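Chains B, C and D: place on chain A using the hints.
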Amino acid sequence: MTIIELVPLLGVIGLFVLPKGSTTLVKQFAIGVSIVDLILSIIMALRFDRSVSAMQFVESRNWISSFGIKYAVGIDGIALVLILMTTVLVPIVLLAGWNESENGRWSPRVYYALILVLETMMVGVFAATDVFLFYVIFEAMLIPVYFLIGGYGRGERAQAAMKFLLYSLLGGLLMLAAVIGTYVIATNQIGATFDVTALSGLHIDSATENMLFLGFFIAFAIKAPLWPLHTWLPTAAKSATPATSVLLLGVLDKVGTYGMIRFCITLFPHAAHTFTPAIIVLSLISILYGAFLAIGQKDINGLIAFTSISHFGFITLGIFAMTSQGLTGASLYMVNHGFSTAALFLVAGWMASRRGSTKIEDFGGLQRVTPVMAWAFFIAGMSALALPGLSSFVSEFLVLVGTFTRYPLAAIIGTTGIVLAALYVLLTVQRSLHGPTTSGNESLSDLNLREKIAIAPVIAILVFFGFFPKPITDVLNPASHQVMTRAGVEDPQPKAGK
Amino acid sequence: MLTAPQISYSLLAPILIVLGGALLGVLVEAVMKKGSRAAIQTAIAIGTLVLSFAYLIRIHGQSSKTAAVDSVAIDGVGIFIQGTILVLSLIAVLYIADTDNFTAQASAVPGSEEERAAVVAGKQQTEVFPLTLFAVSGMLLFPIATDLITLFVALEVLSLPLYLMAGLSRRRRLLSQEAALKYFLLGAFSSAFFLFGAAFLYGYSGSITLDGIATAISANSANDVFLLIGIVFLSVGLLFKIGAVPFHSWTPDVYQGAPTPITGFMAACTKIAAMGATLRIFYVAFGQAEWQWKPIILTIAILTMVVGGIAAIAQRDVKRMLAFSSIAHAGFLLAAVLALNTDGLKGALFYLATYGFTTLGAFGIITLVRDSSGEVTDLNRWVGLGKKSPLVASIFTLFLLSFAGIPLTSGFIAKFSLFTGAYESGNTVVVVVGVLTSAITAFFYLRVVVMLFFTDPKSDSVSVVIPSIMTRAAIAICAIVTIVLGVAPSLLLNTAQTFATFIR
Amino acid sequence: MDISNYLYLSAILFTIGAVGVVVRRNAIVVFMCVELMLNAANLAFVTFSRINGDLVGQVASFFTMVVAACEVVVGLAIIVTMYRSRRSASVDDASLLKR
Amino acid sequence: MTTSSNLVYLIALPLFSSAILLLLGRIADKWGHIVATLVSASTFVIAALEFVSMRQRTGDARAVHQDLFTWISVGTFNVHASLLLDQLSICFVLLISGVGTLIHIYSIAYMSHDHDRRRFFAFLNLFVAAMLLLVLGDSYLNLYVGWEGVGLASYLLIGFWNQKPAYAVAAKKAFVANRIGDVGLSLAIMIAFAQFGTVSFTGVAAGVPHASPAALTALGAMLLLAAAGKSAQFPLQSWLGDAMAGPTPVSALIHAATMVTAGVYLITRSNFVFDASPTAQTMVLIVGGITLLFGALVGTAKDDIKKALAASTMSQIGYMILATGLGPVGYAFAIMHLLTHGFFKAGMFLGAGSVMHGMNDEVNMRRYGAIGKVMPITAVTFGLGYLAIIGVPPFAGFYSKDKIIETAFNAGGTKGILVGGAALLGAAITAFYMTRVIVLTFTGTKRWDDEAHPHESPSLMWIPMVVLAIGSVASGFLFNSGHALVNWLAPVVNASGEHDAKEFLAPLTVSLLALGVVAIGVAIAILKYRSNVAVEAPEDVSILTKIVRRDLLQDDFNDRVLVRPGQALTRFFVAMDNNFIDGIVRGVGGVIAVSSTNLRKIQNGYVRSYALIMVIGVLALIATIWMVTL
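Protein chains in written order, with our numbering: chain A, 1 to 498; chain B, 499 to 1002; chain C, 1003 to 1101; chain D, 1102 to 1731.
Only chain A is shown next, with the shape it has when bound in the complex:
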């Protein structure tokens, strides 16, 4: 586990050792490092025991002994799939954004270093089983992203980076208060520890539990942008490079929803029950609100951002439905959303860099000019609207089914989101790909081999797991079950019993 975390970090050192001047070498080296990491994580996944619901690949070392803080890592199914998603996405975005680093304020070397540092942290944050370690990475992760947006983005990048960081910091600091609160209670009851398993056994009076829950939840709700804490996301997405956007929305924001499962529900099950109605309402608002704003977007990256807000609504809906379908569906949704957003952002990025604009109205008729690119965008769009046969369908449907069994009305409202999804995807497809070729677009070039290689695995993954999601769901099921056990809930029984 630690090795997977360390490889990118070593890669960073390697990056600075490389001889100066050779940008290509830097790029190749960085991609090489990320692929090595991918291979390592795949090996780990193969050795993962699906029949066990406890943490695996556990490591634990003392870090700050006076607070009982440990460097403790370990993974369950949810963490495993998220780590795998991360290690898959990093080489892809590096390959896809081959030239993104050249227009930044600093050298490509710094760009690749930042991304590799980010990879280390992303893997670490999912693997952390020590709340303090999690928190540290959770916050520290902001810095590389901040520089990635601010240093290599476009448009109002400095402001966007700032907005992103402030929102995240505010949430993070509230969470810090909650972390401290939890720790103090732990110290009084079981001694100084931050171990998530140990903490889940605390007895907390309900008022305190509610406050602590909120501290964690608000941080995660900002991260996973839940309405009305979302406004940083579109700004960031409009300014970041495609690769950064992919990592930001695809992976980093998942830390929010992951945290809701791992910490909010596991540590504060009663508070989670208390707040469930409110959170479900917010999720529904997110779903519809995100969809409506996506329809009203003129900027293609803004559009993707708002679709994500809508999708995050589904994820939180699934999580707080607290059924096995909801939880597994939501976890699966995190992975699928990672890949489908990756596809969308990458293709949108290519479109934008070719056209020199991110306005949807500037595209038009791309289907005729650049068919491969148009198809890639179309498939990504289909994934965003959860077309059956693509993996996002499975997760979205699981979420809705899982919600329906407990909160039928919420599921019904959520389901209307799929109509809006069709609208925003197809409107964009119609405006950007269909119709007569807009002037200025006649001579755009289609995807080159490198870009095709980058996008192909994403699409392959979307299709494969659409038809055969079992490998992932099998890994997720025990983890979901564990969460439900901890939260003390069971799946509702069919009403018409046999």
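Keep in mind that the hints are not guaranteed to be accurate.
Said to hold, decoys possible - In silico negatives: residues of chain B with every beta carbon more than 10 Å from chain A:
{"#": "1", "residue": "T501"}
{"#": "2", "residue": "S506"}
{"#": "3", "residue": "A511"}
{"#": "4", "residue": "K532"}
{"#": "5", "residue": "T540"}
{"#": "6", "residue": "V548"}
{"#": "7", "residue": "L672"}
{"#": "8", "residue": "T797"}
{"#": "9", "residue": "V804"}
{"#": "10", "residue": "S915"}
{"#": "11", "residue": "L934"}
{"#": "12", "residue": "V948"}
{"#": "13", "residue": "V963"}
{"#": "14", "residue": "S966"}
{"#": "15", "residue": "R970"}
To be verified - Below, a list of computed lysine-lysine pairs in the DSS-like style, where the Cα atoms sit at most 30 Å apart:
{"#": "16", "chain 1": "D", "residue 1": "K1547", "chain 2": "D", "residue 2": "K1647"}
{"#": "17", "chain 1": "A", "residue 1": "K27", "chain 2": "A", "residue 2": "K452"}
{"#": "18", "chain 1": "D", "residue 1": "K1265", "chain 2": "A", "residue 2": "K359"}
{"#": "19", "chain 1": "C", "residue 1": "K1100", "chain 2": "D", "residue 2": "K1702"}
{"#": "20", "chain 1": "A", "residue 1": "K452", "chain 2": "D", "residue 2": "K1131"}
Since the hints were made in silico from the structure, they are not lab data. Computed from a predicted model, the values in this text were never measured in an experiment. Idealized CB from N, CA, C, for every residue including glycine.
Coordinates of chains B, C and D only, in the frame set by chain A:
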């Protein structure tokens, strides 16, 4: 038959060594030729501080004793704070040794023929070294003093040299002198409050020792107007030194006007010494009267955090910004006073140490950014520094991130341990306000980062001087400490834990 | 005479000093007001010494006097330098550092 | 139940063929259409073989099941990717693969000039695969995959010429309208899972007796919503007319013969739900009745030949839906009408395509006239389809439609008279507008420009038309002889024994009535359009005609009720996001900034005011401590 009082010189040796060094420095000023003074003074100052620190380490095992007829306490907190002050003043001396920062002749009228002549003659101001050592000796005494007279004397010993040092700037001397004047007048004003409060505490308890006051408080449960007046007025003096709202007004002006190395020295060491004394007084003397003073300290802590954080946003001058930031940090530190428990104390000690290093580092960077007329502290002219001098900008960013409390820097661990103590004692409000204010403070730190890195430099922009080896070493030490204590804080946290004890 | 009257006097002196600091412009006068406050404290010390029946308060007032003397040295040095460069001893003229 | 391992090929073959054609790109241009056609034909062969072997078995053994793999397994939510071929689905499989193959063949010629013919065939194969999955899936969720799959294929094919904005819009409209229906299906599946813990057909069927009436009604209503979306039933009918933007073979295959009938399949497949919920059944009747009249009325005013046919399709599917609403007796007739309609409507669409092919893609019937002379084969095959649709014996439509009308009247009471009357009225209007199509297109005087050179289409096009025409002629008789289809389907739809309920009208009476109204409709149409047809549609028509021309204001209604409020809502949300939510954030920032500036003002540089602040601070402290402690 009268017996001579037991002084225990060995326990006082660290202070005495520094005082001795200071006197030696005065002699050097009087005896030596001008040309060779600077080097000798530097050597004396560094030597003194190192020696003192070494002696402190020798005696640290004998802590938990009182010396000089119970007027000073050599206990864990005292030793820790003294050690921190010594290390930090050593770093500060490294900056001060870069004498380019100080006026050629303090007595010359700014802009006069006399001053020009002094500059041409290559005169260098070296009185600053003995002054520094005097201030350090006061700082060493302040946090370990256990009676009100010693406290008052120590307060003045540390303050008086600082008043002078604030006026020694080589450039913008008018501002510097104005800073000295303001610092002096307000400092004396606050000293008067301190003394008045001390008098009433004496009147209340019939004793001037902290122990005696504590005993009196536990003996009389009733509220006494003398006690209340005593607590309020004494607090004013202390709160003035640590820069808490509403006794903070001097901070930005003095920080801005004073020579930057002195500002760094003040911001780090004075705050630590004052905080050490505050902690001792409130923990040892007023501990039993917490219901009387907690509301006001809570109010002041919150006010300090909020005002410091908010006021910093609109600042255009980097030194003023750091001044308000230091005010906000004072607010955080007051949380430790409220905590009134070992964890709070531990947190405060760790916080003071890390804050000191970060602050000195940040002011060190400021000394490097100059144009033809000297240091440039206008933030608008720092724009795009990241392009010109990535290393300096990066290190400055590191310090800012530490101030902001971003994980993996020492500032984060400090904040964490401090708030943990406060939370443990049930002061949830101060923790919540603290984290919210942290977000506000983060805003202006990050705005500087934006200026440094994400904005293009203007043509009239500034240059970064190549620092002397000593400044370089000082900044490097601060940066390394900031990172190391962020990643592996156990080194210092465990020490802080063992040292987090007071004796009465 | 009731001994508490000394305390009232002390408080009045202290208040006069504080008000003086706030309202007077001349740096020297401001400084004198501070000295007045210190002396008010001394008076309080001595009064309390009398009330408590020990000498500690009186000793304290001696310390205060010494410290006040030192303060005068430093203070006058600063004020004189100030006066030399500005030809004015008004504290209001020294207001370049603001905002 | 028999297990088999062949079913998967029905879906896999066209799916892979489609994927290969798309992935290979231009390389496959030369032979792509041939591969696609062969694949389609092979699915028909497999289906035929399965049909033969099914006939050889009896009873329960007739149904064939194939379990492929566990698709989703989360908690108790277990869905296998498995296929079920029973008496009901084989009808559809044969229809889809058969008509599909014919249309593939037709398209080889029809699309021969199109640059992207390969892509067209890939989409066609994709459609066949999805449609077969729809009818073969053994659970609602499997069906749902096919359900959305055909929606996608339909979207791609309608928008095949998406460089024309109108076509792209039409494609999008179809998809979105379908999606509204899909919401219904999604919710139906969720209700099924929440109620029965399973989503397979057999599981749900087994659970129905235990479920509450309310749940069943909800389930039925959601299924009906789904059917309405896919089958262009009221109130989700408006997309079908626009869908005619696609190439004509697409209209024939998807929007006449197969996809749009999926709703009928869904309801028939869910017969156990509707049989158990009279309320849901009544809703089905209402929707079917309204649509059959609605479609027929719209058909009377269309000048675009394809749109006229589309309106007719809508109306005919209305008949089928109506039939399914009639309970166990109706299902078989619905399916029968569905199959005969598959033949004659596909045939007519291909005929229309053939006409357009000869007329430079002109679709306005007012610019046709006397085409029968130059395109005899087209005219004859179209004519046979026409006779079938208006229900002239012994053509196919006569058998299937008469049965529906008869069953409707026999439904009993007021309900019977209402739905029967609607069905009968529909028949009359059908006769009118179909006759209008025939008269305007094939007879009368020539009204086309000289530039057009109508000519008979190549053999690849007319052969499928002939085959379908034969179907239009013979299929009805075949299905009806000895109640062949009714008996065949009986095990699936539980229709046994209920056929001899009390009769309201005798079969013969119904037939005569129907023939009577049909004759009236035909006569009016001939009289009206026999001669003097203006090339431009007259403007001085009654308000009623105008309304009918505007599709009975369906688009205006949607525009007012859905689109504009939706746009307004979107604008509102965008404004809210920019101003309100971000505004609050900015507001907080602004307050902080303003306080910061004000705090700067306090820092005015005067020592005396600093001292004053300190004094005030001290006084405030004393006041505070006083209040707190005393």
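Taking the hints in turn, this is what the structure says about them:
| no. | hint | in the structure |
| --- | --- | --- |
| 1 | T501 | holds (44 Å) |
| 2 | S506 | holds (31 Å) |
| 3 | A511 | holds (30 Å) |
| 4 | K532 | holds (47 Å) |
| 5 | T540 | holds (36 Å) |
| 6 | V548 | holds (29 Å) |
| 7 | L672 | holds (36 Å) |
| 8 | T797 | holds (20 Å) |
| 9 | V804 | holds (14 Å) |
| 10 | S915 | violated (7 Å) |
| 11 | L934 | violated (7 Å) |
| 12 | V948 | violated (5 Å) |
| 13 | V963 | holds (23 Å) |
| 14 | S966 | holds (27 Å) |
| 15 | R970 | holds (21 Å) |
| 16 | D:K1547 <-> D:K1647 | holds (26 Å) |
| 17 | A:K27 <-> A:K452 | holds (18 Å) |
| 18 | D:K1265 <-> A:K359 | holds (21 Å) |
| 19 | C:K1100 <-> D:K1702 | holds (8 Å) |
| 20 | A:K452 <-> D:K1131 | holds (24 Å) |
In summary, the numbered hints that this structure violates are 10, 11, 12.
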